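There are 2 protein chains.
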Amino acid sequence: MRTSIATVCLSGTLEEKMHACANAGFDGIEIFEQDLLVSPCSPGEIRSLAAELGLSLDLYQPFRDFEGVTEELLADNLYRAEAKFRLMNELGMDLMLLCSNVATAIHDDDDLAAAQLRQLGDLAAGYGIRIAYEALAWGRFVNDFEHAMRIVDLAAHPNIGTCLDSFHILSRGWDPAAIEKIPAEKIFFVQLADAPELSMDILSWSRHYRVFPGEGAWELDKFMGHLVRSGYNGPVSLEIFNDVFRQADEERTAVDAMRSLIWLEEQTSVHLQETDGPDATYVMELATLPQVAEPTGFNFAEVKAEDTEQVQQLLRQLGFAFRGRHRTKPVQLWTQGRARIIVNEQQARGLEPTIAALAFDVEDPLIAASRALQLKAEAVPRQSQANEAVLQAVKAPDSTEVFLCEATEDGTAAWTEEFVSDDAAGPGQELITRIDHVNLAQPWQHFDESVLFYESTLSLAPRPSTEVPSPVGLVRSQVMRTDDGQVRLALNIAPLVMERPGPSAASAYPQHIAFACSDVMTLARNAVAGGLEFLKIPANYYADLQARFRLEPEYLAALQELNLLYDRDEAGEFVHFYTATVGSVFFEVVERRHGYDGYGAPNAPVRLAAQYELAKRIRGTRLPSL
Amino acid sequence: MRTSIATVCLSGTLEEKMHACANAGFDGIEIFEQDLLVSPCSPGEIRSLAAELGLSLDLYQPFRDFEGVTEELLADNLYRAEAKFRLMNELGMDLMLLCSNVATAIHDDDDLAAAQLRQLGDLAAGYGIRIAYEALAWGRFVNDFEHAMRIVDLAAHPNIGTCLDSFHILSRGWDPAAIEKIPAEKIFFVQLADAPELSMDILSWSRHYRVFPGEGAWELDKFMGHLVRSGYNGPVSLEIFNDVFRQADEERTAVDAMRSLIWLEEQTSVHLQETDGPDATYVMELATLPQVAEPTGFNFAEVKAEDTEQVQQLLRQLGFAFRGRHRTKPVQLWTQGRARIIVNEQQARGLEPTIAALAFDVEDPLIAASRALQLKAEAVPRQSQANEAVLQAVKAPDSTEVFLCEATEDGTAAWTEEFVSDDAAGPGQELITRIDHVNLAQPWQHFDESVLFYESTLSLAPRPSTEVPSPVGLVRSQVMRTDDGQVRLALNIAPLVMERPGPSAASAYPQHIAFACSDVMTLARNAVAGGLEFLKIPANYYADLQARFRLEPEYLAALQELNLLYDRDEAGEFVHFYTATVGSVFFEVVERRHGYDGYGAPNAPVRLAAQYELAKRIRGTRLPSL
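So the sequences go chain by chain: V and C.
Sequence positions in the first sequence follow the working numbering and run 1 to 626.
Sequence positions in the second sequence follow the working numbering and run 1 to 626.
What the hints contain is simulated information worked out from the structure, not anything from laboratory work.
Check each hint, because a few of them may be wrong.
Negatives, chain C to chain V, calculated, CB over 10 angstroms [what the hints assert, rightly or not]:
#1 R80
#2 K536
#3 Y555
#4 G600
Take a look, some chain V residues computed to stay more than 12 angstroms from chain C by CB distance [unchecked claim]:
#5 A115
#6 D243
#7 D423
#8 A558
#9 A610
Just a few of them, taken from the derived set where beta-carbon distance is under 7 angstroms, the chain V residues facing chain C [claimed, not checked]:
#10 S11
#11 V38
#12 G44
#13 R47
#14 D65
#15 R80
#16 P196
#17 S199
#18 P471
#19 A529
#20 G531
#21 L535
#22 P538
#23 A547
Since this is a predicted model, take the numbers as computed values, not measurements.
Just so it is clear, CB atoms sit at the ideal spot from N, CA and C, and this is done for glycine as well.
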């Protein structure tokens, strides 16, 4: 599959965009006219740069408001088109996008539109140029790709074909199955965009909220399936208008974009195999990726700091046992049940405690790592001694290291043998059984990228996102998880709080590890005895709990005494507590009773407010504390 | 008019919110339940704090999903309500908001809903509490305020009344005139919100995009007119769910909120006088403000810096004449036509050139200043010598100083006599006639506040906002202007560009002063001769200009040679150029031909890209340069 991307997807100058596209591995680009217009580079210089970078210049776009007009305006439009054809000759380009008329069309007449397109085709032919006519979702008379195709048929000109854009088709609810009826040679170009399900006017939705395939709500593998079955074999190009991508670093956005196409290509291949059988063949060749199943659990989580004493103390107070020091590194292992925490003081000068790595149990770490690398994940360089386990690791978009470890039947991990101790404790009561979920704060620029990263590399599935009020703004939270709930990751975008004093947002937002527990009340009592500092929950919360759930007074009093939070739904109950924050890390202990499958969402604002109060008290400032 | 505000409008803890409301001058507050729930303060402590701050606790809110339910659920709901009534007694509160049921109602039966409300009324009466029933715009069976009122009538209980909310009424397009038919004693509470015209689902619109009155698109003075005519005399309260306000500093937001109510009160009074005549009387007393007409022009603009040499050079190259130094301060005056620029080196240690002040010609500076101060504008402390003009000045939300100066028939300004010089130049060619417009960058948190500030204090009217693409994101631009176009101010919100290196957004975005000119081509030629550094416009722009407008080749060549930009619309033509940026300031010279009334919007992306290139070249970084 040939990959392409419109320059409007990225920030920066045209030159910067082209370098980013080439670095990310795209075969070609669409030149968005505005980007050329404001560039100090001449068309010849852009042509040379593209050649040097190995990028084909696939599509010049957009040309607007051409057809369905008066004779007088048609003459102006042909003059305007010819100027662009000359420019395209200088650029060495041969395909132009024509959007259906939104402004100046006065005739709702397919024959007239076709006749005018035919004139354009004749003019274009003289310059060796072809025209791809596209139905915009908000076109005045033409807003349906089948309608655009009828006009192309009527025009019956070899230089006039169509351009299909998933946004314009799916946003209107048109059935993409009709793509299969279009002769492949008349599909001159294909643009892809995904989008979240939003109920707003289509133009605003299109101009601000498009995302890369896999980051939205649409089934683009099925869309691609229809396209592949049509026999199309041209470029598959991304055209994403997105307010965030326009601001973010273009090199990163281009990698995110490329990942989305690599993943979509694989998903399309899987979809076609499932629907058409393994023997079906198509003109377009679809590359695949090493297959991986969802991870079966968390293998470990790592907290890193210059000084980890406070982290060790919290773990001890939660009932974790010290399992030893690494043979060669300043790294400790703490465990309880199958929950393993690595406490790392390597190369951590000046670092406050932070979640540095997450490890997942996978069937085959080498295959999983290979898949991740093919999906443009950055490898984490690792130095292993001869007698050490070789662990596979890649970087997530927020720089968290993601380790891919071998799952074992009994839940053990071979690498733990590298940790030795004279004073290692034997197993204690082990009320904590495993890591329940991990909550990571994401910079606003990388949220969509992170969702796609975890979905494509680890097969975690995104759940509908929620919004939680905090004293410094709304926090958007997106859970990514496995079907069986053994791995749950919550990605949060924190508010911007630019007016608040303190360090930059990225480092100021605490993240946390939640442990599954078989008896949270006993564990909390033990922790009180051990001197644990709980996150203090206000009395007003318990009064409201009582109003909502009519709990037994003794039970309510016990919850309140231990700073436990409570939730209940049709399936079951959820009881949990939080520790105070150390650096940017805190811990949570949760007990899921019966089939409770959530995260105590109604309690999240209580936590955020309590952390805000705590940060204020400790630091004497109003540091964001999420 | 009694003023109130819901705590959900503001960021921070409940205590912080209450202090902010009291400091801004509100009479009372609505307690948003969640804010109390997450607060470590007991109800008694909140009650005491309110008394200490002089705030009445007007409304406890919201109570949800009560009516239209099964008998079994009704019992639960009454239990839940009673717990809240006890809490309200502790708080010393006597009014609760009940929202129409969105989730659990199963009976679309007004008699049943009324009977259930009557039971709630009986229970509430025992605690001395009244219930204000409100139709949410997305209520399951009740989403219209007249429908809610019919149920209140059917309930016929002294403790059951209604709450009117402008959002729920206007977002659905209900006619607010029907408010006049409601008996005043049955309107227990009134909530006001404004909103921009957005076409999206009402729930998202309501939860994220509400703004304070005057910051949106609705005619709230008319809404208030109906309310005042009904005989209502209770609190008028703001309930604004807004993602930005939730993040911004609560003290500032509270002042912005108070300003919106003071202004709305005046607008309502004006509206009622216009419609009902000057002799009409109402139960509610409406305060007014000193009246001001729109300003008749810019009196001056001030550029401030530690070293203003480069600014002086730019002015000289644009044909400005040096008019002298201030008698007592390191301040210079430069003029051309009626355009006056103050160049100020006072208290500017370390400051790069920046637009520090704008002055407007008004009929009566003292009255205008008094109005601004009553609208909560912060006065700028000024020290004047005995023989100096006393100038009135207040601070705009972005800290720009706004001077209010006396307009004169001949366009002169008395204060200029304080500037003396031995070497002052006589008037030159004077191609520049006046300041055409000024473009100020606004921090994203203060955009809505700025619009309201300029509208309420100076009577500038907002025009529909536009969005301009730049290499680092979309720039939202909002023009505020007088009817006659003598004063035009463009407020821009710049992108966040948090990933980009360099100083904070607020200081990194250039702002500019545009001068009106009678012959921009001659002026540009003179400026070339004088060595002015123009902002360089790329050749590709001129090729596109030619395709769009079919200009004469000689004229196009002249434009290109001089780096002039061009636009044309039905009314006329616009020709303009930009200087290079000095510090965070640059200048523009514009010639409006015939009735052209815009700002060359199609050229704005060209400018932004050229400034981005320039900043990259000069600083060797990719500093945002807007």
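Right, here's what the structure says about each hint:
1. With a least CB separation of 5 angstroms from chain V, R80/C falls inside the 10 angstroms interface cut-off, contrary to its annotation.
2. The beta carbon of K536/C sits about 7 angstroms from the closest Cβ of chain V, which is not more than 10 angstroms, so the claim that it is off the interface is violated.
3. Every Cβ of chain V is farther than 10 angstroms from the Cβ of Y555/C; the closest lies at roughly 16 angstroms, confirming the non-interface assignment.
4. Listed as outside the interface, G600/C is consistent with that label: its C-beta sits roughly 14 angstroms from the nearest C-beta of chain V, beyond the 10 angstroms cut-off.
5. A115/V, annotated as away from the interface, keeps every beta carbon of chain C farther than 12 angstroms; the closest lies near 23 angstroms.
6. Not every C-beta of chain C lies more than 12 angstroms from that of D243/V, the closest at about 6 angstroms, which undercuts listing it as non-interface.
7. No beta-carbon of chain C comes within 12 angstroms of the beta-carbon of D423/V; the shortest separation is about 40 angstroms.
8. Once the 12 angstroms rule is applied to beta carbons, A558/V is consistent with being away from chain C; the minimum gap is 19 angstroms.
9. Distance to chain C contradicts A610/V as a non-interface residue, since its nearest Cβ pair spans about 7 angstroms, not more than 12 angstroms.
10. Using the Cβ-Cβ criterion of 7 angstroms, the hint placing S11/V at the interface with chain C is satisfied: the shortest such distance is roughly 6 angstroms.
11. Taken as an interface hint, V38/V checks out: its beta carbon lies about 4 angstroms from the nearest beta carbon of chain C, inside 7 angstroms.
12. The restraint placing G44/V at the interface with chain C is violated, with a minimum CB-CB distance near 11 angstroms, outside the 7 angstroms limit.
13. Annotation: interface hint on R47/V violated; nearest CB of chain C at approximately 13 angstroms, more than 7 angstroms.
14. For D65/V, the shortest C-beta to C-beta distance to chain C is roughly 12 angstroms, which exceeds 7 angstroms, and the interface hint is violated.
15. Taken as an interface hint, R80/V checks out: its beta carbon lies about 5 angstroms from the nearest beta carbon of chain C, inside 7 angstroms.
16. At its closest, the beta carbon of P196/V sits 12 angstroms from a beta carbon of chain C; the interface hint therefore is violated under the 7 angstroms criterion.
17. This hint holds: S199/V has a C-beta 4 angstroms from the nearest C-beta of chain C, less than the 7 angstroms allowed.
18. At its closest, the beta carbon of P471/V sits 5 angstroms from a beta carbon of chain C; the interface hint therefore holds under the 7 angstroms criterion.
19. Violation of the interface hint for A529/V is found here, the shortest Cβ-Cβ separation to chain C being roughly 24 angstroms, above the 7 angstroms cut-off.
20. A cut of 7 angstroms between beta carbons decides the hint on G531/V: the least distance to chain C is about 22 angstroms, and the hint is violated.
21. The closest approach between the C-beta of L535/V and any C-beta of chain C is roughly 12 angstroms, which is over the 7 angstroms cut-off, so the hint fails.
22. Given hint, P538/V at the interface with chain C, holds; its Cβ is 5 angstroms from that chain's nearest Cβ, closer than 7 angstroms.
23. Using the Cβ-Cβ criterion of 7 angstroms, the hint placing A547/V at the interface with chain C is satisfied: the shortest such distance is roughly 4 angstroms.
Hint violations for this structure: numbers 1, 2, 6, 9, 12, 13, 14, 16, 19, 20, 21, all remaining hints satisfied.
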